[in-house]
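Peer 1: Below are the chains, spelled out letter by letter.
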Amino acid sequence: MARMFGILIVAIAVTFGLNWLLDSFVDDYVVRIINLCGISIILAVSLNVINGLCGQFSLGHAGFMAIGAYVSAYFTTTLRYFDEAQAKYVAIEPVFAGQWGFVPALLAGGLAAAAAGAVVGIPTLRLKGDYLAIATLGFGEIVTIMITNFEKVGGANGLPGLPAYSNTFWIYSFVVLVVMLSWALQRSTFGRALIAIRENELAAEVMGIPASRLKVTAFIYGAFFAGVAGGLLGHLLQTISPATFNFMKSIEVVVMLVLGGLGSMTGAIVGAIVLTVLPEALRDVESSVGLPGIRMVVYALVLILLMIFRPQGVFGQKELSLKLLRRLMPGSKDKEGEA
Amino acid sequence: MPEPVGSGILFGAPVLPLLDSGVTFEAILQQVANGIAKGSVYALIAVGYTMVYGVLQLINFAHGEVYMLGAYASYYPAKWLGYMPDAGEKPKVPLVLIAGLFVASMAFCATLGMLIERLAYRPLRNSSRLAALITAIGVSLLLQNGGQMLFGADPKGFPRFMDQESVSLGPVALANTKIVIIAVTAVMMTGLHLFVQKTKPGAAMRACSYDMRTARLMGINVDRTIALTFATGSIMASVGGVLVAMDQPRLTPLMGLLMGLKAFVAAVLGGIGSIPGAVLGGLTLGVAESVVGTWSTTYSEAVAFVILILVLLVKPSGLLGKSGREKV
Amino acid sequence: MSALLETSDLTIRFGGLTAVDSFNLAISEGELFGLIGPNGAGKTTVFNMLTGVYLPTEGAVHFDGNLINGKNPVQVARLGISRTFQNIRLFDELSVLENAMTGAHQHSKINLFDSLLRTPRHYREEKRQRDRAYELLEFMGLEDRAGLPAKQLPYGHRRKLEIARALATEPKLICLDEPAAGMNSGEKVELSQLIRKIRDELEITVLVIEHDMKLVMDICEKIQVLDYGKTIALGTPSEIQNDKQVIEAYLGGE
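Chains as they are written, first to last, in the numbering used here: chain A, 145 to 483; chain B, 3 to 330; chain C, 1187 to 1440.
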């Protein structure tokens, strides 16, 4: 435990240094992409716990992001809307003003998303395979429709004016946290139980593993970090709208996982980085070739070809096993000498 | 358009004002009629989902895009023939040409459906269902974005085949285009029913959907039957595409996304794998959406997904589906 | 001697088909009990009812003083019944050792935060599970395959691993569903010895479904014969071997 906190503190100090370095010496555009990569990593690693480890195919991650983004924005942003009762425009001052209000706001967003995860997860996780996928997709759509109908946060037009609190330090502090916790989860009796549920749910239950409860737990865990990531994204983009968190966003995160290899956390990280950087790189190609839209076409083709020729993703379920990386990670000592 | 905002429970979230006194019984009846037209289109698309799912246990995510391309496949010939809308002018398209446009769209989509199956799904027939599902999502993205590249993202106006006019039917009035939708759907569904129940290829489809391995042993050409299933489903969707284009002449490459999702919900509601179920599910969903739309148009968009989640929780086998049991 | 497991008039119907009809079974603690019958006699269905996978239409199952029909598989496992499957259901992507460790999960007393924050309790639990799993792999003769992914195990070893995993749940009763299926004669001999050892050394009551008559007659002390969902005979191996109805069920109905 001491070791875990030690690593966490060192890692956060490093992100603090990194933040300063990037701010001082690196182009803003590049910093922005690095920050987006961090948010993608949080999303992919958290979804990997649900879809990869536990094998419950969710297509609702964007719904949890939306909840996290809007709830955290609710606490940090001045809301301006037309009040029908008073028949005039009103403004509500933020509950948590200032940079230090950011963390409580993010946590509130994460907790709201986690609560939604419980509400959605408890009934729907009885469903299997594509039925679960489609039910979670339906949940995500409902969330965006609810927000569209919610005038206080701007409805369909979106909510502008979020303070620019997200920076490399905050984003990567949460990256470190989610990666460490997920790694610890994966390498524990709970991680093995989740994998057992994925591999054969009936056999897991017959072994006394409470599958329903663990599935909901995994769902809540994933939803919490999706909510935090949503909050971070909101305070990076500074304007959020229901369209930011549509069905395509969920698909994007799934594709990150699939590219890296469903079930592999390091794969999820690599997938998240590649699929955040690649579209940006393709954007340049797009403008030079003069074919707008080719970016997404390439993206789709890559996905299809990947499924046909390497459905297990680039890493399969293996972890990227650099010796150094492994020694740095907590819990490495409970890893037996595997072939 | 501002939505009615209720008193609010959570951060002032709007509550659906369920008992709005301004809504009359006639208005609801009118919405039911509109809903049947809307639901007919869902049904046309839903049968494609249900047939493919019945045979391959695959949610063919790209099916909504087939519907979209069906609309475009009649738009371009119509444009080429010079039948573009002219304000104020009486439409003068001969009936035979309208039929021709339908046939062109059907032929195009049948080919497209079989092509998708051959290139993207067949190589994955023995891999995990997850891989197939993700591929289907990939094909859907490809067609959407390919469509955006080819056609541009801006909406296209469709030629007017007939002057829109309201026809009075007892207590309700329905646009003539909507009546055409309902009539054509009825004809197509009857045709599909006869094809599946009375012909040899139809019997092969039913056999594959019942038990593919046994069907193969019985000498049925499974590959050809699957291709035929995709072709048939795509034809039904293309008809839906042309009908919608006639009714609401606004084509966009993304028009298939939400339509496809909702049609899938209709298929689940009716009981996935069941063709009559898809029709029933489509009509139910269309009517439910229209009736809720009397109060709030944005909430009517949520109806499909609420129905979806309720069905999955209460009776995953749908209205007319059979439930299966896992073999232990 | 009171029975550890007792069923009374256990019946299950699937639609119109009565798969198991008024099934009565009584197994005493420490017994090595065989349940046999021709294909489709309903043996696996009985297992599924005993372990909470299927809910019986009628009748009751009592185990160790508890009424267990209506309980789900997790609750049944916690009361002390474990099982293997006719169609092996291992966790393929986990290693052999990890497969056995999953059996020990239900006895862990730590919560998620212990693992997430790596408290000393977490490390103690990991050690407990690993030690127990390793002992059982040794017991089943699989210790030198501990690090291998389960999917790479040869067939006979897969069956043994399933037994090791079931034993890791520390059951009072273990139900083996055709443990010898697909094994060669050498492996079958070894398996017979192992099953006896489970009862003698680990003091676990054993209920076994098996097709291989020789193996059943060899190891079981009491045998019950099921045909078309009904019990047609109950007795010692020699009694069963000479039972007219049993011979008819196996050789007759052709």
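In case anyone wonders, no lab produced these hints; they're calculated from the structure. Mixed in with the good hints there might be a few duds.
Taking lysine-lysine and the DSS-like style, the derived pairs with C-alpha atoms no more than 30 Å apart in a straight line are [what the hints assert, rightly or not]:
(1) C/K1408 with C/K1374
(2) C/K1383 with C/K1400
(3) C/K1295 with C/K1313
(4) A/K272 with B/K317
(5) C/K1358 with C/K1430
(6) C/K1257 with C/K1295
(7) C/K1257 with A/K272
(8) C/K1313 with C/K1337
(9) C/K1374 with A/K272
(10) B/K317 with C/K1257
(11) C/K1257 with C/K1408
(12) C/K1430 with C/K1400
Peer 1: Quick one: which hint numbers does this structure break? Sort them smallest to largest.
Peer 2: Failing hints, ascending: 5 and 9.
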